[in-house]
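Colleague: Turn these sequences into a full structure, and let the hints steer you where they fit.
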Amino acid sequence: MSKIEIKNVYKIFGNNPQSVMPMVRDGANKEEVLEQTGHTVGLDNVSLNIEEGETFVCMGLSGSGKSTLIRHLNRLIDPTDGEIFVEGTNVMSFNKEQLIDFRRHKMSMVFQRFGLFPHKTVLQNVGYGLEMQGKPEDERDRTAMEKIEAVGLTGFENQFPNQLSGGMQQRVGLARALATDSDIMLMDEAFSALDPLIRSDMQKQLLDLQSELKKTIVFITHDLDESLRLGDHIGILNAGKLVQVGTPVDIIMNPADDYVKAFVKDVNRAKVIKAKIVMKKTEEANDIDKSNLIKVNEDQFIEEFLPQIVCSNSNCEVVDKSGNVKGYISNKELQTSLTKS
Amino acid sequence: MDIKKNKKLFFNIGLLVFFVWLLIISYSSSKRKPENVGELLNDFSWLQKWPKWLDLPLMKWINVGFKKLNETYGFIFEAINNFLLAMLMALKNFLILAPWPAVVLGVTVIAYFASGRKIRTTVFVGFCTFFIGFLHPIFWQKAIETTAIMLISIFLCLIFGMPVGILMSRAERIRNKILPVLDLMQTIPAFVYLIPGIMLFGLGAVPAIIATFIYAVPPLVRLTDLGIRLVDKEVIEAADAFGASKKQKLWGVQMPLALPNIMQGINQCTMMALSMVVIASMIGTRGLGDEVLLGLQQLNVGRAAEAGIAIVLLAIVLDRITQSYGETLQERRAPEKKKGK
Numbered sequence: 054m055s056k057i058e059i060k061n062v063y064k065i066f067g068n069n070p071q072s073v074m075p076m077v078r079d080g081a082n083k084e085e086v087l088e089q090t091g092h093t094v095g096l097d098n099v100s101l102n103i104e105e106g107e108t109f110v111c112m113g114l115s116g117s118g119k120s121t122l123i124r125h126l127n128r129l130i131d132p133t134d135g136e137i138f139v140e141g142t143n144v145m146s147f148n149k150e151q152l153i154d155f156r157r158h159k160m161s162m163v164f165q166r167f168g169l170f171p172h173k174t175v176l177q178n179v180g181y182g183l184e185m186q187g188k189p190e191d192e193r194d195r196t197a198m199e200k201i202e203a204v205g206l207t208g209f210e211n212q213f214p215n216q217l218s219g220g221m222q223q224r225v226g227l228a229r230a231l232a233t234d235s236d237i238m239l240m241d242e243a244f245s246a247l248d249p250l251i252r253s254d255m256q257k258q259l260l261d262l263q264s265e266l267k268k269t270i271v272f273i274t275h276d277l278d279e280s281l282r283l284g285d286h287i288g289i290l291n292a293g294k295l296v297q298v299g300t301p302v303d304i305i306m307n308p309a310d311d312y313v314k315a316f317v318k319d320v321n322r323a324k325v326i327k328a329k330i331v332m333k334k335t336e337e338a339n340d341i342d343k344s345n346l347i348k349v350n351e352d353q354f355i356e357e358f359l360p361q362i363v364c365s366n367s368n369c370e371v372v373d374k375s376g377n378v379k380g381y382i383s384n385k386e387l388q389t390s391l392t393k394s
Numbered sequence: 003m004d005i006k007k008n009k010k011l012f013f014n015i016g017l018l019v020f021f022v023w024l025l026i027i028s029y030s031s032s033k034r035k036p037e038n039v040g041e042l043l044n045d046f047s048w049l050q051k052w053p054k055w056l057d058l059p060l061m062k063w064i065n066v067g068f069k070k071l072n073e074t075y076g077f078i079f080e081a082i083n084n085f086l087l088a089m090l091m092a093l094k095n096f097l098i099l100a101p102w103p104a105v106v107l108g109v110t111v112i113a114y115f116a117s118g119r120k121i122r123t124t125v126f127v128g129f130c131t132f133f134i135g136f137l138h139p140i141f142w143q144k145a146i147e148t149t150a151i152m153l154i155s156i157f158l159c160l161i162f163g164m165p166v167g168i169l170m171s172r173a174e175r176i177r178n179k180i181l182p183v184l185d186l187m188q189t190i191p192a193f194v195y196l197i198p199g200i201m202l203f204g205l206g207a208v209p210a211i212i213a214t215f216i217y218a219v220p221p222l223v224r225l226t227d228l229g230i231r232l233v234d235k236e237v238i239e240a241a242d243a244f245g246a247s248k249k250q251k252l253w254g255v256q257m258p259l260a261l262p263n264i265m266q267g268i269n270q271c272t273m274m275a276l277s278m279v280v281i282a283s284m285i286g287t288r289g290l291g292d293e294v295l296l297g298l299q300q301l302n303v304g305r306a307a308e309a310g311i312a313i314v315l316l317a318i319v320l321d322r323i324t325q326s327y328g329e330t331l332q333e334r335r336a337p338e339k340k341k342g343k
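Respectively, the protein sequence lines represent chains C and Z.
Going by my numbering, the first sequence opens with residue 54, and the numbers climb by one from there.
Going by my numbering, the second sequence opens with residue 3, and the numbers climb by one from there.
Note that these hints are calculated values from the structure, not bench results.
Virtual Cβ for every residue (Gly too), placed ideally from N, Cα, C.
One or more hints might be untrue.
Claimed, not checked - Derived, one-sided and incomplete: chain C residues facing chain Z with beta-carbon distance under 10 Å:
1) Asn127
2) Leu129
3) Asp154
4) Arg156
5) His158
6) Ser161
7) Arg166
8) Gly168
9) Leu169
10) Pro171
11) His172
12) Leu176
13) Glu184
14) Gln297
15) Gly299
Modeller: Below you can see the structure in the form of structure tokens.
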């Protein structure tokens with residue numbers, strides 16, 4: 054059982070969404086629906102599974118429905134049709150109290166423009182989720198301080214959010230989401246409003262935290278580099294439709310359609326592709342010259358050994374952790390993997 | 003869609019029927035109509051000048067209605083009257099019986115805390131208060147009478163206006179129904195609701211309180227509604243995402259963030275109440291207004307001017323206190339702005 058299962062979810066915005074459903078089911082696209090009925094299709098038959106402990110990145114341009122999708126998970130938006138299961142429970146079956154309880158304990162969320170409470174201090178902001186859970190104040194403050202420390206904001210706990218820089222504010226947002234100790238974290242373009250250096254910092258911090266905490270993270274972004282860096286799986290949305298789901302390498306090596314191709318066109322492949330992906334297996338590598346070899350680990354990125362190969366004009370021998378030879382890489386493989394598309 | 007269209011059609015037909023019914027009623031109830039309808043077809047002179055019989059008897063209806071209302075529900079109005087009067091007398095007597103230096107000091111202390119301990123504002127307000135009595139000893143008591151009526155009216159505004167504002171911010175449908183009522187309350191000349199006030203409550207302070215309430219409550223309602231709706235959508239989403247109930251959201255997030263706007267509404271409410279209390283002197287309400295009225299009747303420029311200045315001073319005192327309280331709140335919310343000043 055997956056942690057989160059989304060099954061055939063449709064979302065239509067407008068006066069009478071149900072009336073448009075048959076048309077959307079019959080495969081009318083977003084423009085046709087808008088033109089004929091004035092309704093906007095937010096999500097069009099989206100189904101996906103998110104496994105426990107993974108970071109699932111949902112990517113798409115603005116208007117592709119990614120923010121709509123993430124809001125379905127904690128029902129900030131209700132679907133027009135379809136089902137959403139979290140840990141096997143149908144989220145749509147919750148009544149008001151159950152929904153509130155679910156939001157308090159199962160999921161937390163980080164927002165693009167931070168969504169901090171301007172009238173509360175950093176400490177109160179971070180403790181908000183715990184306050185909603187009904188925890189006593191001293192426990193709240195203790196946990197909040199721990200999380201503030203974890204995101205590196207010690208000393209700022211009594212400041213108000215708008216006394217902090219954007220990057221620091223988002224750390225507060227992150228700490229607030231971590232404080233409730235929920236299994237699932239939703240991050241809606243969490244780093245998009247930050248400048249590139251701070252963004253890369255925050256990505257690293259998230260990766261570090263995640264390697265410890267192993268939460269299930271659903272991350273929304275429009276930035277491919279970000280999604281490749283953070284995601285265990287990536288889902289690409291276009292005009293409300295899920296175009297492709299796969300690992301970062303899948304997406305780059307086998308883009309499903311032109312939309313995805315256009316997306317991955319400018320990616321620095323050497324940074325994303327590992328040796329084991331491009332190598333020729335030992336039994337097929339008879340034609341590769343093995344006189345001048347460099348040893349590389351199968352999990353190394355091409356970027357890491359590329360300069361060496363170019364300088365010494367040699368080929369690679371790919372080995373696994375225990376030193377067994379798994380395959381070989383010659384210039385030919387490098388060429389095809391780096392220029393393919 | 004069809005039902006909606008039909009509804010509109012029926013509604014319009016209904017309006018037309020109502021209009022025709024009004025015409026027939028006014029014609030048949032008119033005393034100056036021709037002896038039979040046939041005359042109208044022979045003699046068309048009634049098209050030249052507006053005929054006397056084409057007259058909606060609204061005046062008669064309202065008068066009869068009020069008489070009936072007074073006869074059947076008089077005891078309710080009397081109860082309201084007694085209640086408000088008792089409240090007013092208690093407040094007035096308290097302020098009048100207190101030694102005047104104590105009152106001046108009290109106002110100054112209130113200003114001190116409301117302005118966030120700003121010495122300048124405090125001293126300024128203190129002097130203004132002192133000058134009201136200093137202008138003319140009799141003004142002291144009159145100003146207290148005026149203030150007492152205002153405070154009771156503002157109290158009524160708060161307990162009725164804020165809930166209505168909150169309700170409006172929650173549902174578009176309710177807002178669309180209440181907005182025209184507010185427009186009406188603000189555009190009908192203030193004198194007009196003094197008269198039904200007199201009819202229901204007799205001469206004196208209570209109709210003035212009611213009229214002041216009606217005149218002063220719209221800005222408070224509007225600004226409460228606006229303030230709540232202007233709260234950042236992402237902040238509301240954050241509260242939702244962490245499982246805040248409706249009540250927790252309202253009192254923990256929406257109201258605190260709307261407070262600067264609400265304070266602005268209370269400030270507006272106060273100013274409008276003051277202007278209305280002055281007008282209310284026309285129906286025998288005692289206070290600073292009747293000094294102006296006396297000056298007018300006696301063509302005593304000095305007296306009217308003195309009283310006018312006293313009213314301005316009272317306005318300044320009330321404005322400074324409510325305004326600076328709003329500013330203090332805003333600064334607490336956005337402390338960085340304070341640094342910039």
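Colleague: Take the hints in turn and mark each one as holding or not.
Modeller: Here's how the hints hold up against the structure:
1. With a least beta-carbon distance of about 6 Å to chain Z, the hint placing asparagine 127 of chain C at the interface is held under the 10 Å criterion.
2. Checking leucine 129 of chain C against chain Z: minimum C-beta separation of about 6 Å stays under 10 Å; hint holds.
3. About 7 Å separates the beta-carbon of aspartate 154 of chain C from the nearest beta-carbon of chain Z, less than 10 Å, and the hint is met.
4. This hint holds: arginine 156 of chain C has a C-beta 4 Å from the nearest C-beta of chain Z, less than the 10 Å allowed.
5. A distance limit of 10 Å between C-beta atoms decides the matter here; for histidine 158 of chain C the minimum to chain Z is near 8 Å, and the interface restraint holds.
6. With a least beta-carbon distance of about 7 Å to chain Z, the hint placing serine 161 of chain C at the interface is held under the 10 Å criterion.
7. For arginine 166 of chain C, the suggested interface contact is upheld, since its CB lies about 5 Å from the closest CB of chain Z, less than 10 Å.
8. With 10 Å as the threshold, the beta carbon of glycine 168 of chain C comes within range of chain Z, its nearest partner Cβ sitting at about 4 Å, so the hint holds.
9. Annotation: interface hint on leucine 169 of chain C holds; nearest CB of chain Z at approximately 7 Å, less than 10 Å.
10. Because the closest C-beta pair between proline 171 of chain C and chain Z is about 5 Å apart, less than 10 Å, the hint holds.
11. Below 10 Å, beta-carbon pairs count as interface contacts, and histidine 172 of chain C has one with chain Z at about 5 Å; its hint therefore holds.
12. Among the interface hints, the one on leucine 176 of chain C is violated; its C-beta lies about 15 Å from the nearest C-beta in chain Z, farther than the 10 Å criterion.
13. The beta carbon of glutamate 184 of chain C comes within 8 Å of a beta carbon in chain Z, closer than 10 Å, and the hint placing it at the interface holds.
14. The interface hint given for glutamine 297 of chain C is broken, as the beta carbon of that residue sits about 28 Å from the closest beta carbon of chain Z, more than 10 Å.
15. Among the interface hints, the one on glycine 299 of chain C is violated; its C-beta lies about 28 Å from the nearest C-beta in chain Z, farther than the 10 Å criterion.
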